[in-house]
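The lines below spell out each chain.
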Amino acid sequence: MAVMTYREALNMALREEMRRDPRVFVIGEEVGLYEGAYKVTQGMLKEFGERRVVDTPICESGFTGIGIGAAMLGLRPVIEMMTFNFSILALDQIVNSAAKMLYMSGGQYNVPIVVRGPGGPAAQLAAQHSQSMEVYFYHVPGLKVVRPSTPADAKGLLKSAIRDDNPVIFIEAETLYAVKGEVPEDPDFTIPLGQAVVRREGTDVTVIAYMGMMYRALEVAEELAKEGISVEIVDPRTLRPMDTETIVGSVRKTHRCVVLEAGAGFAGMGSEIAAFVTETAFDDLDAPVERVTGENAPMPYAKNLEALKTPSRAKIAAAIRKACYA
Amino acid sequence: MAQTKTAAPAAKLDAELARRLLTQMWQIRRFEEKAAEMYALGKIGGFLHLYVGQEAVAVGAMAVLRPDDYAISSYREHGHCLAKGSDPRRMMAELFGRRDGLSKGKGGSMHLFDKSVNFLGGHAIVGAHLPLAAGAAFAIKYQGGDQVVLCFFGDGAVPEGEFHESLNLAALWKLPVIFVCENNRYAMGTAIHRALSQTEIWRFAETYGIAGEAVDGMDVLAVRDCMGRAVERTRRERVPAFVEARTYRFRGHSMRDPAGAVYCTREEVEREKERDPIALFSDRCLRDGVLGEADLRIIEKSVNEVMEEAVAFAEASPEPPAEWLLTDVYKD
Chain A
-6 MAVMTYREAL
4 NMALREEMRR
14 DPRVFVIGEE
24 VGLYEGAYKV
34 TQGMLKEFGE
44 RRVVDTPICE
54 SGFTGIGIGA
64 AMLGLRPVIE
74 MMTFNFSILA
84 LDQIVNSAAK
94 MLYMSGGQYN
104 VPIVVRGPGG
114 PAAQLAAQHS
124 QSMEVYFYHV
134 PGLKVVRPST
144 PADAKGLLKS
154 AIRDDNPVIF
164 IEAETLYAVK
174 GEVPEDPDFT
184 IPLGQAVVRR
194 EGTDVTVIAY
204 MGMMYRALEV
214 AEELAKEGIS
224 VEIVDPRTLR
234 PMDTETIVGS
244 VRKTHRCVVL
254 EAGAGFAGMG
264 SEIAAFVTET
274 AFDDLDAPVE
284 RVTGENAPMP
294 YAKNLEALKT
304 PSRAKIAAAI
314 RKACYA
Chain B
10 MAQTKTAAPA
20 AKLDAELARR
30 LLTQMWQIRR
40 FEEKAAEMYA
50 LGKIGGFLHL
60 YVGQEAVAVG
70 AMAVLRPDDY
80 AISSYREHGH
90 CLAKGSDPRR
100 MMAELFGRRD
110 GLSKGKGGSM
120 HLFDKSVNFL
130 GGHAIVGAHL
140 PLAAGAAFAI
150 KYQGGDQVVL
160 CFFGDGAVPE
170 GEFHESLNLA
180 ALWKLPVIFV
190 CENNRYAMGT
200 AIHRALSQTE
210 IWRFAETYGI
220 AGEAVDGMDV
230 LAVRDCMGRA
240 VERTRRERVP
250 AFVEARTYRF
260 RGHSMRDPAG
270 AVYCTREEVE
280 REKERDPIAL
290 FSDRCLRDGV
300 LGEADLRIIE
310 KSVNEVMEEA
320 VAFAEASPEP
330 PAEWLLTDVY
340 KD
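Listed in order, the protein sequences are those of chains A and B. The working numbering numbers the first residue of the first sequence as -6 and each following residue consecutively. The working numbering numbers the first residue of the second sequence as 10 and each following residue consecutively.
To be clear, the hints were calculated from the coordinates, so they are not data collected in a lab. It is possible that part of the hints are untrue.
Calculated cross-link-like contacts (lysine to any residue; reagent style SDA-like; alpha-carbon spacing at most 20 Å) [as the list claims (entries may be wrong)]:
| # | chain 1 | residue 1 | chain 2 | residue 2 |
| --- | --- | --- | --- | --- |
| 1 | B | 150 | A | 271 |
| 2 | B | 150 | A | 42 |
| 3 | A | 302 | A | 271 |
| 4 | B | 340 | A | 158 |
| 5 | B | 340 | A | 16 |
| 6 | B | 340 | A | 271 |
| 7 | B | 183 | B | 213 |
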């Protein structure tokens, strides 16, 4: 184990996989000479050269399509979105080409790509650069969607994503790149896609949260412990395929469920989780599933308004108390 | 850069080559006519975009490829798939939505794929397969191979952003891809002068520093010569190339569009049909004494038999089993 930042853990995962498999390469805007807009690919041009660390002009649809075409011939590109907001420009390639290729071709052509980069609420970046992007992807059959909350998860899940034979959407976060944590240095360390993890054990209520919301939930759980409420926190890590077993297992234990989500709530991830928890564990629930979501507005710039956009600790605590009838 | 060139001195047209080119063009023509017939009978559903009139482009272009080269196309791809070497029986079964179809019946007319002949598929979002073609070429370059990728698309893809992104990237990175624009003058019902600020489409290539050429797409030998030059240069110099093949579709955009209903005149269609690529080439073969009337009849007859058999094969193939609905969504 070594203590490193989330950013360094991603860098380590990329380097290990590129050393392990000559078919893996990195492609995107500013990934080489500039060493990544967020420095995730720092030092990689020097180690692997221009053939495998490919700087592109600004053309998200074009270079994403290049990655998909290259994957059809057996390569395993890691396509960096400088921020996931720009992936909207490549949405047709991701949804109509990558996700459906295996199916449309009757199993002949799979597309082993990873599309990765930061997404979710960031600091005062306003409406076009600060939003939860996973909703655009997890609806699509054929895609896998990962949201890694910790440095160790970032490394282990990125390695699994690169080794996966399907298109994987891997959304990091600007706000987590500097977070430090223990990370296994073993190059064989991976975390399978589709496995949730219990971040904090508790007995009274299950809170489901990932990324920034997961950290906020941990803080709230400590506060509520003082009130005698024991909160269990489950981090799905992979949104598709979702580890419903671990989530429902936790709910069956605590009999109460609160889902947190940074993005706008309408038809969000929370809706889906609340639906399958209700469908599969209705008889185990002692209270309705609560959702705490971002407000249904674009992200404002002003600091005070921005703070109101994503779920606050107070709102999260209130929802948990409500679920516990406390 | 060059404007339309007259056919180069060219390889001498021998009977063997003539027979092959004519057979392939007839195969496409009859396949499409059979498909239209089956569509009318309700055996084929959805959208069906026919290639009738454009046969010389696919056949002339594929004639210069090696089997290990790649081809990719749009939703009007039956001709390219067939000319790349696919089995017409499995293609027809795909149009019927049957289990022996190339894509197990899951793709349909617009999504024929055949890995066994390096056909990278039919793609139905206009312009979206141009980056895929450049990506396949990127992979060839990455792996140090000497294959090339032929990318077929219509004039309708030219105003799309991905056309320009792909040409720029292919030129910038020197990717071995040949862009073949089949200019049939209409993007669905929109004539090129209503869609493009520059209707000499090959000139867009010039802007990106790619050697571009326009060719008479109704003349299979001219296409073959032009493509031969482009493919040879791309293979030798590892640079992209661009060919604008000027052609015409004799039928509507799809089966739901009776040709010429509103956007072109019957006279125009009839005039263009006088330059039917199969008739032109047949006349040329007879005139040059390469093939005789009897040869032409034999070719037509043998093609008819093959296509009858393709339809019978498709009819006999069962529907895909229900459990296939959920297979091939993810690769294990």
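Consistency of the hints with the structure:
1. B:150 <-> A:271: violated, 52 Å
2. B:150 <-> A:42: holds, 15 Å
3. A:302 <-> A:271: violated, 27 Å
4. B:340 <-> A:158: It holds: about 6 Å lies between the C-alpha atoms, which stays within 20 Å.
5. B:340 <-> A:16: With a Cα-Cα distance of about 18 Å, the restraint between residue 340 of chain B and residue 16 of chain A holds, given a limit of 20 Å.
6. B:340 <-> A:271: Violated: residue 340 of chain B and residue 271 of chain A sit about 30 Å apart, past 20 Å.
7. B:183 <-> B:213: Judged against 20 Å, a Cα distance of about 17 Å means the pair holds.
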